[in-house]
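Chain by chain, the residues:
There are 2 protein chains.
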Amino acid sequence: MKKQELHQIANGIYEVVIGIPEVHTPTAHRSVQMRKEALMALPDARPGRAVEILRALSFRISQRGVLLRLPMDPSENIYGFGLQFFGINSAGKRRLIKVNSDPVADTGESHAPVPFYISSSGYALFVDTYRTATFQMGTVAKKGASRSMRIENEAHTEFSESALYALKKSAQEREILIEIPRCNGVRCIAIEGSILECVQRYNLFSGGGVCPPEWGLYPWYRLYGGCDQKEALRMAKEFRADGMPIKVIGIEPGWHSHSYSCTYRWSDLFPAPQEMIDQMQEMGYALNLWEHAFVYPAAEFYEELLPYAGDYEVWNGLVPDFAGKEAREIFKAYHQKHFIDRGISGLKLDECDNSDYNPSDWSFPECSQFPSGMDGEQMHQALGILYQDTIRQAYAERGKETYSEVRSSGALASPQPFVLYSDLYDHRKFITALVNSGFSGLLWCPEVRDCVNGDDLLRRLETVIFSHQALINAWRIPMPPWKQTDIDLSLAKIQMEDAPYYTAACRKLLEVRISLIPYLKKAFEEYQNSGKPPIRALVMDYPEDPNVADIGDEYLFGDEMIVCPLTYEEGTRKEVYLPKGRFYGFFDKRFYEGGRSLTVDVPYDEIPVFVKESSGI
Amino acid sequence: MKKQELHQIANGIYEVVIGIPEVHTPTAHRSVQMRKEALMALPDARPGRAVEILRALSFRISQRGVLLRLPMDPSENIYGFGLQFFGINSAGKRRLIKVNSDPVADTGESHAPVPFYISSSGYALFVDTYRTATFQMGTVAKKGASRSMRIENEAHTEFSESALYALKKSAQEREILIEIPRCNGVRCIAIEGSILECVQRYNLFSGGGVCPPEWGLYPWYRLYGGCDQKEALRMAKEFRADGMPIKVIGIEPGWHSHSYSCTYRWSDLFPAPQEMIDQMQEMGYALNLWEHAFVYPAAEFYEELLPYAGDYEVWNGLVPDFAGKEAREIFKAYHQKHFIDRGISGLKLDECDNSDYNPSDWSFPECSQFPSGMDGEQMHQALGILYQDTIRQAYAERGKETYSEVRSSGALASPQPFVLYSDLYDHRKFITALVNSGFSGLLWCPEVRDCVNGDDLLRRLETVIFSHQALINAWRIPMPPWKQTDIDLSLAKIQMEDAPYYTAACRKLLEVRISLIPYLKKAFEEYQNSGKPPIRALVMDYPEDPNVADIGDEYLFGDEMIVCPLTYEEGTRKEVYLPKGRFYGFFDKRFYEGGRSLTVDVPYDEIPVFVKESSGI
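Those protein sequence lines, which keep their order, are chains A and B. Its first residue numbered 3, the first sequence is counted upward by one per residue in this note's numbering. Its first residue numbered 3, the second sequence is counted upward by one per residue in this note's numbering.
Chain A with its partners taken away, still in its complex shape (with noise of 0.2 Å):
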């Protein structure tokens, strides 16, 4: 087995082939090409300490599969990974790439993970792999390191699991391990630049960032469980009498006649679909399906898939393999003729994640076969992805643009239509996601759904709108949550007694996104030709202030904007840090002075966001 000698596969971007890869890969299951030409637009990266890490890499194979070695500073930083929950710097900690719906604990796993990081030393790596890849980002020293630590009787002063975790010392020495299982060769892919310049290069790599269409970018409302055509109806035309600017309406499960499985055909509820269609377009709105891939047996295409199915069911179920031709047409034809000529505006692809953590304990099996040649552990951190693909190629195909819903998603993911979101609720995770999201090319939704209160729903919602998708999920409930936010009154249709200041704030709120449709679409072009991404963590614009180093609940929004969102819990009082330069408040309209921590004082129905003086905006 050999290392091959790196070499240049585009402006700053290296190389190296480990053994003998395997046949599925994220780059071999591309169908959106590299974009040469804009990562020769990008400055000229000379080589530096990417080609450096690459020819310091060391490995060995093994039955275990391959493991990989590379140099680590103790001073390094580390970004990306995916989509994680639990803070934005992966120095010093262990990433599992594996997806997963309910990541319990900051362990990698995510609905998102990315075989993808960033050193702040100047570098980033891609490994090109579906498998449950293991990265320790420092957490490990060789036998020996320690050996001439000599200190003895220390006095120990406070007996609690911190106090005498923090007794443990670590050692000088520090290296990444990489273990990539079940696999005899591996690519890696190393990217020079800065932190920023490493996330751009990778998203071009990727094909360049989403364009999504102007309407995506509008408000969406997802409609309740239990709701009927009529009921639609009757939500889409309350919305407008209330003045509320949502575009994109949602329907959950119901409308399947047969969900969990799926059978993707109307049920009894929405008896003259194609009517309902129409009039909601009438009405200028958008609409959106949710759906899961797995296909119950009264499905009308399951006998023609059966072949192209994985071995296990799901849910009494086939489970499609994406990551062959034949399941991507049946899929592609059935949607385009059902959905997408009929005027559907988008998907929401729910559960292609997989759970470990869930009592219910769904999903295939990891040692599930496709017909494709995959493995259910490698489809497993594909089938976001190849979902997407398939999708957003159904659309292409008929000339049409989608913005759509993801409940997974992966490596190469920054060209596609799709935002992520979790059934997941920690409002302060949901900030942490959105500022991850950046580092690996995903879009992030922190929907609202179930609220505390009135004041909980604003800080929500203003988290929300500025975000990649302005999405309430109001599926727990029938009245939209400005009138009620608990679940039981708003079943038993009671309004809230100040629905109508909740109503006015959040109507604010909408028009204020609304009112960001240019500059976010701006942002959202850059992204597509440069691969800076429209949502950015502070690290990526600051590299060199030492503060925003781990700043994981603040955020670049477009160019010009620094949005600092504050959860229900945190109250109306936040310290935030504004880097070097002059600022000016977008609700208060004062000017702040960068470069230090200050307090602010927020009522619930605004959001702290600073506006570069120097904007215009």
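Any given hint could be a false lead.
Stated by the list, open to error - Mimicking BS3-like on lysine-lysine, the simulated pairs with C-alpha atoms at most 25 Å apart in a straight line are:
no. : chain 1 : residue 1 : chain 2 : residue 2
1   : B       : Lys576    : B       : Lys431
2   : B       : Lys38     : B       : Lys145
3   : B       : Lys510    : B       : Lys576
4   : B       : Lys144    : A       : Lys327
5   : B       : Lys576    : B       : Lys591
6   : A       : Lys523    : A       : Lys591
7   : B       : Lys591    : B       : Lys510
8   : B       : Lys38     : B       : Lys523
9   : A       : Lys5      : A       : Lys232
10  : B       : Lys145    : A       : Lys327
11  : A       : Lys582    : A       : Lys510
12  : A       : Lys145    : B       : Lys145
13  : A       : Lys145    : B       : Lys327
14  : A       : Lys495    : A       : Lys38
15  : A       : Lys334    : B       : Lys145
16  : A       : Lys144    : B       : Lys327
17  : B       : Lys510    : B       : Lys523
18  : A       : Lys239    : A       : Lys495
To be verified - Covered, in the sense of this in silico footprint (three residues per stretch, anywhere, with C-beta under 8 Å from a C-beta of chain B), are these stretches of chain A:
no. : stretch
19  : 42 to 48
20  : 103 to 113
21  : 135 to 142
22  : 214 to 228
23  : 311 to 320
24  : 367 to 379
What the hints contain is simulated information worked out from the structure, not anything from laboratory work. In this text, a Cβ means the ideal position worked out from N, Cα and C, and glycines have one as well.
Given the structure of chain A, go ahead and fit chain B onto it with the hints provided.
Then chain B, alone, in the frame of chain A:
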């Protein structure tokens, strides 16, 4: 690759070898031999379900490792898999056999995961591996199993996550999938019999149950982490003065001159350890010392151990390769000379598990290599049991017995004189673990640590006195919990108001424990001779009663008692289930007719314990 013809290895125990098994497995590393004669003394086992299952077993060997497939009836209940915290019946669940100190969800991970299960259909299966095997116990269905399903347009009436999941129907076909990664073969051992017979045979196959020295069954107390020699002796005297019948005193990490990692050398806090040991013994105490296996550079045997350690450090310390003779000998010789020969009665072997969920992210990587040829993945599953065996042998070679503590265990553990414990602390889960321990040859202490108040202390102490080890672990509090349960007030040396009441109540409970020692000793002797565990789930003794199949909060304690612990949160009233028979209350002396559920009122200083009328106790 072949599946060899099955052959009988003992009365009721059959083996089949698939492919080429690994060198390092639980049976290959056993030092206690199978109890063939004791197995012959059990009722004769005709070839039945176990033989049927081994014949029906199909397999696939690939780069993924070994995949086993077995039939499963939808009505089967499944027990075992080691120290599980979340329930006793694994039917319909996936179990990951991976050692973990923080099992945050019901994944199968545990301080002591065991690749062994018992089916209510009349067999048990032991898979002889240290790999992180996955057992899917009827969670999957083959493609097409649901092909004839045609239900559509059923009304959904409730919209919540739980309601959605309830809509997911299960297939009629079930199977067991067992995936053992990174190997080319495995030995499978199937056992005939009822649940209890299977457990007995597994324990005798493991070498028989341990019978601890009598002193080990008396009450234990682990001292405050900050205590020095003077304070340890003062506490020992205080117990005597207060009439608290403590027998074993444990000293926490502070006795090492450096810990995390360890020197195994007395610190300045204990200037005359032999004096202390002798004085303790004069007062009737046995002394237990905390340690873990990670060897700090200043330890006397560091250089000697260096060639026999894994290739990565943990907390600056060496990881001894207990799978090889050399590391065991070095460890044994040092411990014999410094501790065993000097009167130390046992050790507390901490942190020999591993952590994927703990933010401090410790232990060696899975890809570690050990001189014996084991890798890190295997060593994680093996370390606890090999460490126990090393210490057990160190005592045995000196003609001494120990009863000690350990934080990780695994396969074939029943002959080891070690009781498991955990840093987790949910009382309900601790009870579930106690019920489960008996299925897999494990001993477990639901230790008393922090308590929200005196009544919580009593409830926890009640569970502990009806467990394998009556331990109070006061490592965070300088005063005994019966004088102060609050940590801060304990540190400030302020007694709680009702200290005299709780001191008396705790004394009474500890005296109950002492009164049970002859009875418990007899149960342990039976464990040793026939493999019947002293603590058992009701389903072991009452397999015909369908009501007990899932009961995880009651257990047999010896042959004559059913114990139903309450948590403080449950208050003073509990619904318990008694199987058929006549019982009387251990505390209230009332008669109870079994074969039904009943509600009992139990003051905080008593625990519902039901004694069989026939027992004569």
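Evaluated hints:
no.	hint	result
1	Lys576(B) / Lys431(B)	holds (17 Å)
2	Lys38(B) / Lys145(B)	violated (44 Å)
3	Lys510(B) / Lys576(B)	holds (22 Å)
4	Lys144(B) / Lys327(A)	holds (22 Å)
5	Lys576(B) / Lys591(B)	holds (17 Å)
6	Lys523(A) / Lys591(A)	holds (24 Å)
7	Lys591(B) / Lys510(B)	holds (17 Å)
8	Lys38(B) / Lys523(B)	holds (23 Å)
9	Lys5(A) / Lys232(A)	violated (63 Å)
10	Lys145(B) / Lys327(A)	holds (19 Å)
11	Lys582(A) / Lys510(A)	violated (31 Å)
12	Lys145(A) / Lys145(B)	violated (48 Å)
13	Lys145(A) / Lys327(B)	holds (19 Å)
14	Lys495(A) / Lys38(A)	violated (56 Å)
15	Lys334(A) / Lys145(B)	holds (22 Å)
16	Lys144(A) / Lys327(B)	holds (22 Å)
17	Lys510(B) / Lys523(B)	holds (20 Å)
18	Lys239(A) / Lys495(A)	holds (17 Å)
19	42 to 48	violated (count 0)
20	103 to 113	holds (count 5)
21	135 to 142	holds (count 4)
22	214 to 228	holds (count 3)
23	311 to 320	holds (count 9)
24	367 to 379	holds (count 5)
Hint compliance for this structure: hints 2, 9, 11, 12, 14 and 19 are broken, all remaining hints hold.
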